[in-house]
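Could you build all of it, start to finish, from the sequences and the hints given here?
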Amino acid sequence: MQRVYERIFVLYPRGQRTGGPEALHQLVDSLRRQGADASLVPLESTRHAPRVDAYEHYDAPEAAIVDHPESLVIAPESAVHRLSAVNRAGTACWWLSIDYSVPFYSRQEYADRAFARRIGVAHRAWEPNRLASTYRHLLARTFRRSELRPMHHLAQSEYARSFLRIEADVDAALVSDYIPRASIDAELSTATERRRAVAFNPKKASWVPDLLGPHLADVEWIPLTGMTPEGVAHALHSSAAYFDPGFHPGRDRMPREAALLGAVSVLARRGAGAFWADTPLPWQHKVAVTDAFAADAAAALETVLAAPAQAAAEQAPYRRWIDGDRERFDGEVAGVLLDGRWADDTPILPAR
Numbered sequence: 004m005q006r007v008y009e010r011i012f013v014l015y016p017r018g019q020r021t022g023g024p025e026a027l028h029q030l031v032d033s034l035r036r037q038g039a040d041a042s043l044v045p046l047e048s049t050r051h052a053p054r055v056d057a058y059e060h061y062d063a064p065e066a067a068i069v070d071h072p073e074s075l076v077i078a079p080e081s082a083v084h085r086l087s088a089v090n091r092a093g094t095a096c097w098w099l100s101i102d103y104s105v106p107f108y109s110r111q112e113y114a115d116r117a118f119a120r121r122i123g124v125a126h127r128a129w130e131p132n133r134l135a136s137t138y139r140h141l142l143a144r145t146f147r148r149s150e151l152r153p154m155h156h157l158a159q160s161e162y163a164r165s166f167l168r169i170e171a172d173v174d175a176a177l178v179s180d181y182i183p184r185a186s187i188d189a190e191l192s193t194a195t196e197r198r199r200a201v202a203f204n205p206k207k208a209s210w211v212p213d214l215l216g217p218h219l220a221d222v223e224w225i226p227l228t229g230m231t232p233e234g235v236a237h238a239l240h241s242s243a244a245y246f247d248p249g250f251h252p253g254r255d256r257m258p259r260e261a262a263l264l265g266a267v268s269v270l271a272r273r274g275a276g277a278f279w280a281d282t283p284l285p286w287q288h289k290v291a292v293t294d295a296f297a298a299d300a301a302a303a304l305e306t307v308l309a310a311p312a313q314a315a316a317e318q319a320p321y322r323r324w325i326d327g328d329r330e331r332f333d334g335e336v337a338g339v340l341l342d343g344r345w346a347d348d349t350p351i352l353p354a355r
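For the working numbering, add 3 to where a residue sits in the sequence shown, where the first one is 1.
Source of the hints: derived by calculation from the structure; they are not laboratory data.
A couple of the hints might just be wrong.
In silico SDA-like pairs for lysine to any residue, Cα to Cα no more than 25 Å straight-line [stated by the list, open to error]:
1) Lys207 to Pro16
2) Lys206 to Asp221
3) Lys207 to Ile325
4) Lys206 to Gly229
5) Lys207 to Ala302
Dropping the structure here:
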């Protein structure tokens with residue numbers, strides 16, 4: 004048992020609407036629902052940005068950091084270098100997307116390039132935002148991994164927890180996240196015809212139709228881009244499958260959202276996608292990274308497209324697991340931040 008802090012401050016990028024910032028809101032909201040004094044703190048570079056209206060339902064007020072021994076300051080991995088400015092308070096890093104973090108970014112970019120070469124496509128994972136990539140590389144040159152040891156660590160996935168143990172020799176406690184249900188439940192209340200379509204995220208892999216298209220006849224490819232959350236929900240609700248070749252730097256939201264909306268999630272065994280504890284999908288809905296990746300992925304998708312109802316039924320246990328996300332999340336938050344069980348490695352899933 005380790006210490007419990009009186010006040011908790013969570014750094015976040017104000018004005019950004021992605022999975023990471025929403026998880027930071029969820030963390031503060033969970034702490035406050037369970038009686039803790041917790042607040043968000045906008046990063047200096049974003050403090051003039053307006054707050055995201057869609058997050059108003061979270062109880063997540065802002066406050067200035069009180070740098071005191073009874074305080075704890077938590078930063079997402081994208082801002083771990085900001086914790087060096089904290090002098091007296093305790094510090095913790097929450098590793099949401101560990102491979103894209105400052106300390107490990109260069110390693111992951113190399114791995115993604117190797118994956119792209121192996122399966123025969125152009126490297127695309129970092130191309131949409133080269134400025135951000137360059138900034139991360141510059142930060143990585145000045146950040147020493149030894150700086151991670153004095154702080155506490157939270158991991159959004161079992162993959163990240165294992166990664167930290169192997170790569171940085173530090174222990175982390177699991178604090179995951181959960182899928183907000185408003186747009187999903189609204190979409191599920193409408194009748195939608197499911198098409199022979201495969202949805203994918205072009206920000207991660209714009210090459211999917213080019214690589215798999217020749218192996219799959221009469222498939223409609225649905226790029227999930229330029230859409231509102233409601234639009235994404237409708238696209239997934241009307242697609243037979245969602246394909247995600249990774250990389251999976253944590254428990255990605257899109258495969259969970261797809262499954263809840265009835266689109267069968269088929270993933271590459273990369274990152275958290277290779278961990279049963281993070282992505283408990285049927286084995287046939289995960290594709291190993293081999294030289295036959297394109298053919299194997301196409302075969303897995305064709306099996307789903309040929310019998311979508313059967314494939315969706317096979318993912319019923321996965322959907323039930325996702326339904327328990329919020330309850331598990333609250334328990335993880337309480338165990339670590341309210342009870343002081345730092346580096347707790349108690350399994351969160353029963354054996355298969």
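Assess, step by step, whether the Cα of Lys206 is no farther than 25 Å from the Cα of Asp221, and give holds or violated.
-> holds, 24 Å
Given the hint that Lys207 pairs with Ile325, does the C-alpha gap stay at or below 25 Å?
-> Holds, at roughly 22 Å.
Does Lys207 pair with Ala302 here, judged by a C-alpha cut-off of 25 Å?
-> holds, 21 Å
Is it true that the CA of Lys206 sits at most 25 Å from the CA of Gly229?
-> Given pair Lys206, Gly229 holds - Cα atoms ~11 Å apart, limit 25 Å.
Starting from Lys207, check that the Cα of Pro16 is at most 25 Å away, please.
-> holds, 21 Å
In summary, the structure agrees with every hint in the numbered list given earlier.
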